[in-house]
Amino acid sequence: MAGSTEARALRGDDAAWNALVQAHDHRVVVALVARGARPCEARECAQEAWMRLVQQQREGRLAELQLPGLAIRQARFIWLERCRRAGTVVPLDGLREPADGAGSEDRMLDRARLGRTLRALDRESDRDRALFEAAYGGEGPSHADLADRFGLSLQRTRQILSEVRQRLKAALGDG
Amino acid sequence: MTHLTDDHIAAWAAGELAPAERDALEAHADACADCAARLSAGARAEEAMYEVAAASAARAPSGTGWRWPLAGLALAAAALIAVGLSQRPAETTESHDGAARVDVSVECMSAPDLHTCEADALRRGLMTESGRIPRYDRAVCVGCGRDS
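Residue numbers (our numbering), protein chains in the order written: chain A, 893 to 1067; chain B, 106 to 253.
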């Protein structure tokens, strides 16, 4: 579904672009806030990122569209540029390389914390782990899609995800 | 708006707030340094969830019941190999203790379908359960000789 929406967006379908923005915009904002942007800055940068992507598509300069990653990278570039122009010190928390240097600059977790959290995930039931992986993997399906896929009610889907998240975040040490 | 609670922050990070609620929360965080810091921490934790999910999905040998299809694929591949070897007799080798080890791929030849092949592999100890993880492990067969 998301793949076909992205394909339509690449062909210049405005409705497809709107659907993609609606599906991924908040994730882009959260990614920027995670790196130290204020929410209002993050919203502005996300909006500008989408506009640039649409512009690039219209100019035929967008060969592929992998979301939300591309929008996050674009928005972060815009935010860093803003910080640079304004002479703002970029908070290091969200930009620091992982301690083991093994990952990209986008990584939030060092190896130890990742391992700890994976072990916590392994303690979840098969279904809950699969639900978590589906919710946080790939194209970012909606909770309604996940509920359909797993044969759960929407409320139960949200409850399970919330509980799993809570346990994993406790394992992270972030609350 | 009062200061943000952990529940507010978690719901915002997960994208579960209604637009009006979300806007109010963000407006508060824009004006309140403490809440902005907590919101940022919540956002980092949420971003970390994506890394955890990706790392979990990428762990090839570590599967779940949901990865049974992968085990099935492995067996299907073994069955295909077996078809390629169909003119050869079943291959056996000697393990360290002299017990016969049967080549898995050849044994799959006799199964009429993948399901039977899987069931047979499980029964014979060729498909093992490591915790909740089904794993196709030929090494287990060395010297097993349960019923072969």
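Don't read these hints as lab results, they were simulated from the structure. Any given hint could be a false lead.
[Stated by the list, open to error] Which residues of chain A face chain B? A few of them, derived with a C-beta cut under 7 Å, are: (1) H918; (2) V922; (3) A923; (4) R930; (5) C932; (6) M943; (7) V946; (8) L1038.
[To be verified] Output of the computed footprint for chain A on chain B, the stretches with three or more beta carbons under 8 Å from beta carbons of chain A: (9) 133-142; (10) 148-161.
Glycine residues also receive a C-beta, built at the ideal position from the N, C-alpha and C atoms.
How the hints compare with the structure:
1. Taken as an interface hint, A/H918 checks out: its beta carbon lies about 4 Å from the nearest beta carbon of chain B, inside 7 Å.
2. Taken as an interface hint, A/V922 checks out: its beta carbon lies about 5 Å from the nearest beta carbon of chain B, inside 7 Å.
3. The beta carbon of A/A923 comes within 6 Å of a beta carbon in chain B, closer than 7 Å, and the hint placing it at the interface holds.
4. Using the Cβ-Cβ criterion of 7 Å, the hint placing A/R930 at the interface with chain B is satisfied: the shortest such distance is roughly 5 Å.
5. Restraint check, A/C932 versus chain B: the minimum CB separation of about 5 Å is within 7 Å; hint holds.
6. A hinted interface residue such as A/M943 counts as satisfied when its beta carbon comes closer than 7 Å to some beta carbon of chain B; here the least separation is about 20 Å, so the hint is violated.
7. The restraint placing A/V946 at the interface with chain B is violated, with a minimum CB-CB distance near 22 Å, outside the 7 Å limit.
8. The interface hint given for A/L1038 is broken, as the beta carbon of that residue sits about 12 Å from the closest beta carbon of chain B, more than 7 Å.
9. Counting residues of the region 133-142 of chain B whose beta-carbon sits less than 8 Å from any beta-carbon of chain A gives 3, enough to reach three: the coverage restraint holds.
10. Counting residues of the region 148-161 of chain B whose C-beta lies closer than 8 Å to any C-beta of chain A gives 14; at least three are required, and the coverage claim holds.
Hint compliance for this structure: hints 6, 7, 8 are broken, all remaining hints hold.
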